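Student: If you want the building blocks of each chain, they are given just below.
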Amino acid sequence: MTDVSRRQLFAGAAGLVVAGGLASACGTSSSPSATSTTGGAAGTPKRGGNFRLGVTGGGSKDIMDGQNIITKPDQARLVSAFETLLLFNENYQLTNDGLAESVTQDSPTHYTIRLRKGIEFQNGKTMTADDVIYSFQRIGTKKFGLTGYAATATMDIAGMKKLDQYTVGLPLLSADSTIPQTLASYTFCMVPVGYQGYPHPQIGTGAYKLKSFTPGQQSIHERNPNYWRTGEPYFDTVTIIDFSDSTAQVNALLGGQIDAMTDLPPSQVKVVQARGMGALVSKTGGWLPICMAIDLPPFDDVRVRQAMRLLVDRPGMLEQVASGYGFIGNDLYAPFDPGYDHTLPQRTQDIAGAKALLKAAGKSSLSVDLHTTDGAAGMVETATVFANQASAAGVKINVINDPNFYGNQYLKLAFSIDFWGTRSYLNQVQQGSLPNSPYNETHWPPKSGTGSNFESLYTQALASTDAATRIQIEHEMQQIEYNNGGYIIPFFGGLIDGYAANVKGLKPSKGTLNLDSFGHGFRTIWFS
Amino acid sequence: MRRIASGGVSGFIVRRLLLGVLVLFLVSVVVFAATQALPGDPALAILGRSATPQSLAALRRQLHLDQPVLSQYWSWIAGLLHGNLGKSLAAQEPVTTLLGPKLVNSGVLVLISAVVSIPLSIAIGSWAALKREKIFDQTSSSLLLVLAALPEFVVAVVLVILFATTVFRGFLPAISSIPPGSRPWNNWVALVLPTITLVIAVAPYVARIMRASMIEVLESDYVEMARLKGLPERTVLVRHALPNALGPVFQVIALNLAYLAGGIIVVEYVFNYAGIGSAIQEAVINHDLPVVQALAMLIAAVYVVLNLLADVATILVTPRLRTRL
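Chain order of the listed sequences is A and B. Mind the numbering: the first sequence is residues 27 to 554 in this note's numbering, read in order. Mind the numbering: the second sequence is residues 660 to 984 in this note's numbering, read in order.
If we strip away everything but chain B, and leave its shape as in the complex, we get (with noise of 0.2 Å):
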């Protein structure tokens, strides 16, 4: 029995990730077909209005647009493989030097996002289900059901208004520029506005389901059995409930932090926020095909990993998927 299980969450895990690999490729292919070897001619395309003759040639060689299709998607793949992404046409520097800071910035938002987002919706939709009808219920649900309906760049908007330019104007800064050469935590103060934009956007989504999860689990046969049981109401919760309640929520927490990888471009944009929202952005922009390639890659390997943890997670707590594995 506990061969299988540990072998079996270890073997799901490489199976998964072998997926994931699968998965990724096919991306890299999607991705590939989209921005390079779609008919036409993408130099053209990028350079416009000033094409000359020997500038079209120049890029040509630069993005290997003169060699087969297959032989362009080798040398781009391996160049990927080897943490070699290209240079961008932009700024004439690696994608990675480029990007990385760029990845850092946002990545810290993102994460920070997820540490004050998660616990906090877990607690409100715990609560909920277990003042369910009462006044805080009530309350929190419509609250919620409001904040999950608006946009994300009404919501920082708002905001602004509140807390930077108008209401309690110069409380808070209303744009966060990180200091090319500082970090994001040592700008904390800048951070407070667009991490409550983004808790905001996550919150309610995860805070409903895991509402919805705990009343179901609530009322199963095994929660009433630990009642009649005697078991300290804490305990059936915590050690009970909880982790079955959680096991849905998971997969919701992991579509929403997939979610925040990309919905962050708008708070990026409003906030003026140098990460990879603005990068882009601005890399669609320039026709900045290298950039535009590497971020499509890296959005889709989040999603992947993120969706593996979720499984994994899930599993964990729950010992009927472990076992059937």
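Bound conformation, chain A alone (with noise of 0.2 Å):
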């Protein structure tokens, strides 16, 4: 019998999961009154203690594993034990601070990666080309569906070559420049030749060694002596509790029982600031999107689309869904992506502007169903402030709050609401809006007219080995989903952690993973 994997079950019954990472659920975020107060700059770090991280949003289906996530802790037991590559830094821009030493794009069709020496994995085995190579085939192998696997498509991994120790070739099998966004993934982490998922050992190069774990409850890691990074990591233990409920977490917190947390809600920002403990608010790129399905009535109708975009009321919709943390969005995505087309003009609320493109499109009262679920925080409450402020243009907007959305339904509304996490532009393009995407939800690009060479430009884009040339492809892209695109994005959301008051080194960072992605792995941070 074939057991069904855990991700494939639980990708789709909890929808919290898009290939590429955990979106950050975007109710939770920041706001420009509750600064974080962090501990960066305060002393030097001190070596000892046992961290203890609640999280929520774990369960019975937690795993560990270098490659894969399915739950929220499970992304912090992955980052505390394995590596990537390269890195992104807090403002979400490439370093080659991690493994690799460089990662050169030969050719449009050609990489090589350079491995920074003497890395010891925690079994004390040396790091070398090998492991790299058996990291991108266990990744690259379809049945094992581990998270990275969408973004391999255009890698050759038959073909990787050991060109020697400490040096990899990596061939593409089409030209794609987003490689080195993919290495700095943090679900594309190098693992040892042979390596297998929990419950086989869990050998890492990362600060933390995996003491013991049990699903839905907590998992404890035992500081490396041998980590590569001189002086780092400073806990003695990190200890990472499952929490099915974020009363029960701030109450933790506040007790003392836990020494930070994850997704405060923002409600709560006062109260844990008031006891002297700390709120990390993050400005990550998270969204949820209001899609219309280009191809469907009456979204089939460029007017209505340009019309609905018009009814938002951007920073209503900001203070209301998400309390003020955040900030607001242009319906294009990516905005960390240097990529980003910051000259194209903020949209604003402009009812007489849509009234009139509705009355020419002949759909002056229009009504129409919007659907929605509970799949990340926010997404109802999305569905019902639009609703609220498109009745202001007598667009009636029904709002369906349907449980079992992810099941029958997804991907073939005509509108509906879904969420994503930080992505570069062009790794967001291949995972939501082109016509072989997993997660196309607006059936972009056009199949004729306007738009229609929106593909071509994407396979353009990819070959481009220079920045400057790739940067101007990009912004045409945007151009034409900003006039004609399918969807409504009207703010970026962010990340809410709690931490307590002789926690150290936490600053706001805009990746996608929470507590400045687990304090990098729980070796930049410390107890004062």
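None of these hints come from the bench; they were simulated from the model. Since the model is a prediction, treat every value here as computed from it, not as a measurement. Do not take every clue at face value.
As the list claims (entries may be wrong) - Result set (SDA-like, lysine to any residue): computed pairs, CA atoms no more than 25 Å apart in a straight line:
(1) A/K389 <-> B/H723
(2) A/K72 <-> A/L236
(3) B/K746 <-> A/F170
(4) B/K746 <-> A/K72
(5) A/K296 <-> B/H723
(6) A/K169 <-> B/H723
Said to hold, decoys possible - Which chain A residues stay away from chain B? Per the calculated CB distances, all over 12 Å, these:
(7) L279
(8) T476
(9) Y508
Stated by the list, open to error - To be clear about the criterion: a stretch of chain A counts as covered by chain B if any three or more of its residues have a C-beta under 8 Å from a C-beta of chain B, and this derived list gives those stretches:
(10) 79-89
(11) 242-254
From the three backbone atoms N, C-alpha and C, an ideal C-beta is built for every residue, glycine too.
Join the two chains, each given in its own frame, into one complex according to the hints.
Tutor: Here you go:
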């Protein structure tokens, strides 16, 4: 009997996992008023202690795997023990501070990866080119269902070559300039040859080694004394504890039973701060789009899509859905990408303009169903607030909250809400805006007329080795989406996490993961 | 007489056991129908966003959805009778392995709450009846009424604010995590707040019934007779009044304990306690069919057994009922 893999099962059931990583829930996010007080510069790091982290979103489906996650605590476990070749810094810019000294693009279809020398796995084995090749092969094996699989589509993994002990050649099947971003995604970690997920031994290069793990309850991680970065990490042990509810989590933080928690509810920010504890407010690029399928009525008429985009009161939406924690959007994704087009004018609410467009389209008294679900914080609220805002123009929107949203109808609906996390522009296009994308809610791009060249522009951008040319093409793509696309992106949310007063070293980050990527895998934080 | 009495009680128990089995059988049909046999495809509902033809086919095989409904039911119930509750879809391990420790955790919590709340509420109720309309009766009655009106989560949150996070900060732990591999009794400090919450949830009802029942008994002819005979008040109360007053109270205790088996969900949630309450919640969210079915059957069985025990206890303290059997 073939058992259904847990990932297949729960990606669907909980509606939580988007290939490439858990989207950051956007209900919780950052506000200008509640700027975080961090201990970034506060004193020199000190050794010792047991760092207890409370995480919501886990359960008996928890796993530990160096290249896969299902739940949020899985993310914390993964970054504690495993590392990537490249890294994103707190501004979501690529750096070569990871396991690779450099990753260079020799030609549009070939990369060379040079490993840092002398890095040891937690069992004392030196990391070499063989481990890298095994790691890529494991991610690229479809039946394993690992998070990074979709991103290996352009890689010629079978053709990878060990050039010497510390150098690997990565040929591509087709040009792809997003390889460095992929290599920095947190699930694209390097594992030793022969590695398998828990309950097999969990041996990575990371700062902490797994000691014990009970899915749905907790995992304990011990300091790796051989860690390759000097001085780090600082804690003796890290304990990751599952919580089913944020009330218990906040109580545990206030009562001193945990030292940090993920996803502090916005309403609790002041409560926590009043106790001298910290609220880490990170403006991540998580977003909850209102999706219009461009080939289904009434949105097959571009004027209707444009009208809907003019109906949104973005600041109002940000305030009501995310308590003001975040920043407003302009119907374009990937705001931290160097290729994000900041020159396009910011859309604002224009009821008269929307009415005129609807009248021209013959849809003056439009009535339409908007489907949503509790898949991520804020999805239902976004739908309700939008319905309310749209009524100002006489547009009637019936919000349908469907618990089985991700079951039968997902991706087939004309009008729906979804959720996404931070990604670079081209990675996001690949995930959600191409004919063969796994999660293309808007059925973008158009088959004919304006925008039908979108996919060929994407291919050109992937093939371009020159950043300036690539950005120019990306701007052209965004121009088309800005005028004709099917997404309404009212705002980008963020993450708020709570931590005890004696936890130092946390900085707000634009990355996908909570708590400054869990204190960079629990190695850049310490107890004062 | 003796033969009838003893035969009567054991005969009664046998009859009730058979009835209980019948009830459980009916419950199993309902549970099965509600979870697996309803129109629509459970496999599709479970897999949702990521369903592929292969994964659907595999899950259908795993749940025996490819067989006729009757044989699906048969393989499920046969497994149940053999203690094979299937494999959790979420944890990919046998349901028994998954639920075993949680069952112990919840069982201990319910048991301690029962052991504390039952004598306490019987004592409060009896004392209030004895001191009817006096200060103790009036204060305890209004206090119990207030407590009975509060939902458990309010009680729990207030207790946490009082003893863990705000007023007496750090006096007791705000959450009651039982580390994997350890047992609740090794973490007794963690049990204090959940136990108090459950006691407050249950005790008011039992105490109020106890008071009413005791008052009725104290006004009865046989108690008056006993007093007139000159028996010491202590004997009157303990030997004559109390056993008779307890009859109706057992029923309420059983109902409340059965309620605890289900109502513990809220308390486990607030205190992050690893018991069956959190398991139910999670299994429902995950569409983890085998776990949901197992827990539904388990809670039904708890209801049946507790009701049986209450009836037996009532009969044992009520000679009138004993002889009538």
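Student: Taking 12 Å as the cut and beta carbons as the points, is A/L279 off the interface with chain B?
Tutor: 9 Å, violated
Student: Taking only the CA atoms, is the gap from A/K169 to B/H723 under or equal to 25 Å?
Tutor: 23 Å, holds
Student: Next pair to validate is B/K746 with A/K72; report whether the Cα-Cα distance is within 25 Å.
Tutor: 46 Å, violated
Student: Run the distance test for B/K746 versus A/F170: straight-line Cα separation, threshold 25 Å.
Tutor: Judged against 25 Å, a Cα distance of about 21 Å means the pair holds.
Student: Within the assertion that chain B covers the stretch 79-89 of chain A, do at least three residues meet a Cβ-to-Cβ distance smaller than 8 Å?
Tutor: holds (count 3)
Student: Measuring Cβ to Cβ, find out whether A/T476 lies farther than 12 Å from everything in chain B.
Tutor: 31 Å, holds
Student: Between the alpha carbons of A/K72 and A/L236, is the straight-line distance 25 Å or under?
Tutor: 22 Å, holds
Student: Does the claim that A/Y508 lies outside the interface with chain B hold up, using a Cβ gap greater than 12 Å?
Tutor: 28 Å, holds
Student: Next pair to validate is A/K296 with B/H723; report whether the Cα-Cα distance is within 25 Å.
Tutor: 52 Å, violated
Student: How does the coverage statement for the stretch 242-254 of chain A fare against chain B, requiring three or more residues with Cβ below 8 Å from a Cβ of that chain?
Tutor: Coverage by chain B holds here, the residue count being 3 at a Cβ distance below 8 Å.
Student: Can the restraint linking A/K389 and B/H723 be considered satisfied, given a maximum Cα separation of 25 Å?
Tutor: 50 Å, violated
The structure does not agree with the numbered hints 1, 4, 5 and 7 stated previously, though it agrees with the rest.
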